[in-house]
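Please model the entire structure based on the sequences and the hints provided.
Numbering follows the numbering used here, in which position 40 of the sequence shown is assigned residue number 40; successive positions increment by one, without gaps.
It is possible that some hints are incorrect.
[Stated by the list, open to error] Straight-line alpha carbon distances no greater than 30 Å define the calculated DSBU-like cross-link-like pairs of lysine-lysine that follow:
1. 15 <-> 205
2. 205 <-> 27
3. 138 <-> 205
4. 15 <-> 27
[What the hints assert, rightly or not] Now the in silico label distances, taken between C-beta atoms and shown as ranges:
5. 116 <-> 21: 37 to 47 Å
6. 22 <-> 102: 44 to 54 Å
7. 23 <-> 131: 41 to 51 Å
8. 182 <-> 20: 29 to 39 Å
9. 22 <-> 131: 48 to 58 Å
10. 59 <-> 195: 22 to 32 Å
11. 28 <-> 74: 12 to 22 Å
12. 74 <-> 223: 21 to 31 Å
13. 140 <-> 183: 14 to 24 Å
14. 116 <-> 73: 12 to 22 Å
15. 92 <-> 116: 16 to 26 Å
Calculated from the structure, these hints are not laboratory results. Idealized CB from N, CA, C, for every residue including glycine.
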Amino acid sequence: MSAVSAAAPLLEVSKLNKHFGGLYAVKNVSFGVQRGEIVGVLGPNGAGKTTLYNLLTGFIAPDAGATIRFEGRSLLGLAPHRIAGLGISRTFQLCRPFVGMSVAENVIVGALGARRHGITDHEALAAGLLRRVGLAGKDRLPVEVLSYGDQRRLEIARALAAGPALLLLDEPFAGLGSGEIEDLSTLIRQVHAEEGLTVVLIEHKLREFMRLVGRVIALDFGEVIAEGTPEAIVQHPAVIEAYIGRGNVDPLEAGRAA
Numbered sequence: 001m002s003a004v005s006a007a008a009p010l011l012e013v014s015k016l017n018k019h020f021g022g023l024y025a026v027k028n029v030s031f032g033v034q035r036g037e038i039v040g041v042l043g044p045n046g047a048g049k050t051t052l053y054n055l056l057t058g059f060i061a062p063d064a065g066a067t068i069r070f071e072g073r074s075l076l077g078l079a080p081h082r083i084a085g086l087g088i089s090r091t092f093q094l095c096r097p098f099v100g101m102s103v104a105e106n107v108i109v110g111a112l113g114a115r116r117h118g119i120t121d122h123e124a125l126a127a128g129l130l131r132r133v134g135l136a137g138k139d140r141l142p143v144e145v146l147s148y149g150d151q152r153r154l155e156i157a158r159a160l161a162a163g164p165a166l167l168l169l170d171e172p173f174a175g176l177g178s179g180e181i182e183d184l185s186t187l188i189r190q191v192h193a194e195e196g197l198t199v200v201l202i203e204h205k206l207r208e209f210m211r212l213v214g215r216v217i218a219l220d221f222g223e224v225i226a227e228g229t230p231e232a233i234v235q236h237p238a239v240i241e242a243y244i245g246r247g248n249v250d251p252l253e254a255g256r257a258a
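Put into structure tokens, the structure is as follows:
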């Protein structure tokens with residue numbers, strides 16, 4: 001893993017709240033992500049993880065009083081495409097390919113933002129990214145024929161096409177077999193190391209998740225309940241209780257079949 005800068009955080013979040021009616025989906029969340037980190041966001045279903053991503057990327061607006069800063073610039077009030085143009089790309093919990101387009105065209109869409117303004121050969125960029133994620137030779141296929149695992153790889157290729165500094169992955173291992181998870185985990189490590197990407201990921205496949213990340217932010221009922229190394233988090237009483245209730249059970253075992 002690359003060295004983490006001691007400078008100001010790449011991403012800084014403070015007093016982030018979002019309520020729907022009387023229910024807080026995200027409550028008083030504050031954290032920072034340093035350039036070069038791989039950070040995991042952990043929590044049971046309903047903990048507020050995807051809502052957090054939606055707030056960070058402009059799909060929904062936070063309640064008043066929040067701070068979200070990326071490379072020192074406030075993201076509050078910016079539309080998703082503006083935030084992507086500043087250098088934050090994301091994938092989604094459910095694959096969202098552009099149906100009716102080819103695999104390569106799906107990737108090219110990701111390269112049409114502000115950070116790729118000088119690119120003239122979008123097809124070459126798409127072909128290179130598809131090779132990188134293991135989809136070489138599938139450029140011209142209709143996206144509908146891809147397997148679920150290949151759609152997961154396509155999501156990452158499309159996110160990388162935007163030229164991000166920060167990549168947000170929402171359950172990238174969901175629905176994959178053990179071999180596919182291992183391959184995709186290797187890919188995430190490679191793009192992190194070779195391109196200097198900062199990565200934040202949500203995942204329920206906890207064993208691979210804990211091997212991949214250097215730091216974990218644990219959420220429950222929208223609040224941060226613990227933050228630290230994977231080794232510390234799996235022993236944290238609040239994390240254990242959030243996953244399996246009271247009792248000294250390894251959260252990794254609780255998440256094995258998640």
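Structure-based check of all given hints:
With a C-alpha separation of about 29 Å, the suggested pairing of residue 15 with residue 205 holds against the 30 Å cut-off. Taken as a hint, the residue 205 and residue 27 pair is honoured in the structure, with Cα atoms around 25 Å apart against an allowance of 30 Å. Taken as a hint, the residue 138 and residue 205 pair is honoured in the structure, with Cα atoms around 28 Å apart against an allowance of 30 Å. Of the pairs offered as hints, the one joining residue 15 and residue 27 holds, with about 8 Å between alpha carbons and a cut-off of 30 Å not exceeded.
Take residue 116 and residue 21: their Cβ atoms lie about 40 Å apart, and the range 37 to 47 Å holds. Against the hinted window of 44 to 54 Å, the Cβ-Cβ separation of residue 22 and residue 102 comes to about 46 Å, which satisfies the hint. Distance hint check for residue 23 and residue 131: the Cβ-Cβ separation is about 45 Å, which falls inside the suggested range of 41 to 51 Å. For the hinted restraint 29 to 39 Å between residue 182 and residue 20, the CB-CB distance of approximately 37 Å keeps it satisfied.
For residue 22 paired with residue 131, a C-beta distance near 50 Å keeps the hint of 48 to 58 Å intact. Remark: the range hint 22 to 32 Å for residue 59 to residue 195 is upheld by a beta-carbon distance near 25 Å. The hinted window of 12 to 22 Å between residue 28 and residue 74 holds, with their beta carbons roughly 19 Å apart. A hinted range of 21 to 31 Å for the beta carbons of residue 74 and residue 223 is consistent with their spacing of about 23 Å.
As the Cβ distance of residue 140 to residue 183 is approximately 23 Å, the hint placing it in 14 to 24 Å holds. Against the hinted window of 12 to 22 Å, the Cβ-Cβ separation of residue 116 and residue 73 comes to about 19 Å, which satisfies the hint. For the hinted restraint 16 to 26 Å between residue 92 and residue 116, the CB-CB distance of approximately 20 Å keeps it satisfied.
The structure agrees with every numbered hint stated previously.
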